[in-house]
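Enquirer: One-letter residues, chain by chain:
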Amino acid sequence: MKVSELSPAEFSKRLKRRGIYLKTGPFISHIRSSIPAVARNLSLLYSDHQLMTSEDFADFHIELFRSRGLRRWYRPQVNFSFDGHIPFKPLPLAQAFPMFEWTLNWCIANHSNQYLILHAAAIEKDGLAVILPAPPGTGKSTLCAGLSSRGWRLLSDELAILRLGDMKLLPLARPINLKNDSIDIMRQYTPDATFGQTSHDTAKGDVAHMKPSTDSVIRSDETATPTWIIFPKYVANENISLTLRSKAQTFIYAAENAFNYSALGLKGFQAMEHLIDSCHCYDFIYSDLDQAVEQFNSLPLSEEITP
Amino acid sequence: MTSGFELLWHTWDDESVVYHTGSGDTHLLDTIAMSALMALENKALTVAELVEKVSKHCAINPDPAFFESITQLISSFNRLGLIERYSH
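These protein sequence lines map, in sequence, to chains S and A.
Residue numbering for the first sequence follows this note's numbering, starting at 1 and increasing by one per position.
Residue numbering for the second sequence follows this note's numbering, starting at 308 and increasing by one per position.
Everything labelled a hint here was simulated from the structure, so no lab data went into it.
Where is the CB? At the ideal position from N, CA and C, for every residue including glycine.
Treat each hint with caution, since some may be false.
As the list claims (entries may be wrong) - With beta-carbon atoms standing in for the labels, derived distance ranges:
(1) S:R68 / A:G311: 50 to 56 Å
(2) A:Q379 / S:G205: 40 to 46 Å
(3) S:G137 / A:E356: 46 to 52 Å
(4) S:L301 / A:S330: 33 to 39 Å
Unchecked claim - Short derived list, chain S residues pointing at chain A, Cβ under 7 Å:
(5) L264
(6) G265
(7) F269
(8) A271
(9) E273
The following block holds chain A by itself, in its conformation from the complex (with noise of 0.2 Å):
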């Protein structure tokens, strides 16, 4: 996660809005995205990581296209702010 900052989330059915108190932005999520930012609020992970967690959590099968569109979701978490890359 971006560090110094908090997530505030409100979850109806499978959608959930996200507030991030660093931008002040509020983001319209799915399932799998709200699945991705919830597991990556508690811990950095890799990719492999996140699609073994996402998986399960949504009972997907972690195939070729579904570790494609965890990149992708990855990526636009980083473009909006929301996470930002682990260095040790």
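With the rest of the complex left out, here is chain S (with noise of 0.2 Å):
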């Protein structure tokens, strides 16, 4: 059953009660919350996903509910838990979404050993998926929403999940969290997409997410070949530039962003030295959208640049 063919009325109460299974990717999670708001963005940001039922193995079991006491009436706080423990102090009940998409990460990020998990959006096209890595600010997350919103399909805008073994990426998608600016960006270059409300003063700024393509959603159990790394860069003004980069750096950067590369010792190495040595690495500089979809759709198969 997919999230959308429950009212957001049953949805709310089915949460708050047993709470839901919902599926992501190769995970499945049960939540339960009773705030409205966790609610209301669940229902609309991951109406194309599945609910599982309670019979299914659930990965993480998260709740989300507000602090008691003084703090029901006096700054409202929300609270995470997961399996029952509280691993991280409360946040302004406003930020109880962003709070559930952070957590959810965390979840899946340090529990997952199973897989190589990088910090990196990712996207496919044709079966052949592009890992975009960069540190915060560089304008990830907007390249990566506007490729999904012009025929690249999203496979995750924060965790890249690699299979060991074949070194598959596996799909995620789930909203893309964007900040500050390109919020108001991604409204206006994607008119259509379904954004769920946006959180102010978070320790990241402004935090909106936009809802993944339903076609990203029904694809979840596609994985795609990793072909290129590209590390993206917003410059303002600045003329799209795609240019070669070392293979070496590029895998220290990646080891050092992966969230359990040194957990998985001489597998993760072996896993990163495969996924280096088949991917072509690039650093990208755009000020453009339309211009970095155009790129993205003419992206080498060989090393080397095109004019």
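Put the complex together from the two separate chains, hints included.
Expert: So this is what it looks like as structure tokens:
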């Protein structure tokens, strides 16, 4: 059953009582919350995702709940619990849905050592995938959102999940986390897209989530072959450029920014070696989304730069 | 080399990554560092012997500055646990 098959009221009721079993890529999360903003955003932004039943194995048991006592009324807060533990301090209640997204990332990134998990976005076309690792503030999510609205399939906005063994990328199509100026940029660039409510003054500034395309969600069992690793950087008024990048330095960057490279030990090294060896690595500077999309639609399949 | 552990390499162009099975750490090496570590992987060497081998392999004049850079490289390898002092 899809989330959209439940009315918002039914969904909210189920989320509050028994909780929902939500399938995102290879993971099933059991989620409970009585917070209306969590129910509203989940129902809206995950409407194409599959709901499983309580008979299914859940990888993570998550609850988001309001602080009790005085905090129920004075500067209300939201808490996150994972398998009954509360690993983080509460956040303002208005940040309940961003907290859900961040903590689900945390659950996946820290409890899934059957995969190599990179801190990167990933998109796919014709079976070939681009991994987009980059520090925050470089325009990675904006580019990922732009490409996913122009024919590229969203695999993930934050976590590139590589299956050890065949090193295929597994889809984890979830809402794209947009920050600050990117929110209005994407509202204009993709007027038909669905956006959740904006949360202001979070640790990352203003945050809003863009719903992944239905196609990305439906094809959530369809893996992709990593073919390019591209470090994007938005630079206003700069000419577009795609330049080859050192593979060894890409290895080190990807390893340092992977969530579990060290935990995987030798397997992690071998997996990363395979990944870097089989991908073309580039730095990419852009200032215009349409130009960026055009460039991505003609990415070189050999270590060359197209004119 | 640190006894009982292995180094795993992968080289792309003039840079390499090396994984040390003892520490689980991965390091980025340029041509000179790679040449030096490979030489030490084969057998224990004095600093002078290592300078000679690396200078030949990389076609670099073994002047005092090069000797100093190899000395510093050895200190770095030692600090990272990649090598240890050899005693008879």
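Enquirer: Decide, hint by hint, whether the structure agrees.
Expert: Comparing the hints with the structure gives:
Checking the proposed 50 to 56 Å range against R68 (chain S) and G311 (chain A) shows it holds: the Cβ atoms sit about 55 Å from each other. The hinted window of 40 to 46 Å between Q379 (chain A) and G205 (chain S) holds, with their beta carbons roughly 43 Å apart. At roughly 49 Å, the beta-carbon separation of G137 (chain S) and E356 (chain A) lies within the given 46 to 52 Å, and the hint holds. As the Cβ distance of L301 (chain S) to S330 (chain A) is approximately 37 Å, the hint placing it in 33 to 39 Å holds.
Annotation: interface hint on L264 (chain S) violated; nearest CB of chain A at approximately 9 Å, more than 7 Å. The interface hint given for G265 (chain S) holds, since its Cβ lies 5 Å from the closest Cβ of chain A, which is under the 7 Å cut-off. The closest approach between the C-beta of F269 (chain S) and any C-beta of chain A is roughly 4 Å, which is under the 7 Å cut-off, so the hint is satisfied. Evaluation of the A271 (chain S) hint against chain A yields a violated restraint, the C-beta minimum of about 11 Å exceeding 7 Å.
Hint on E273 (chain S) holds. Least Cβ distance to chain A is approximately 5 Å, under the 7 Å limit.
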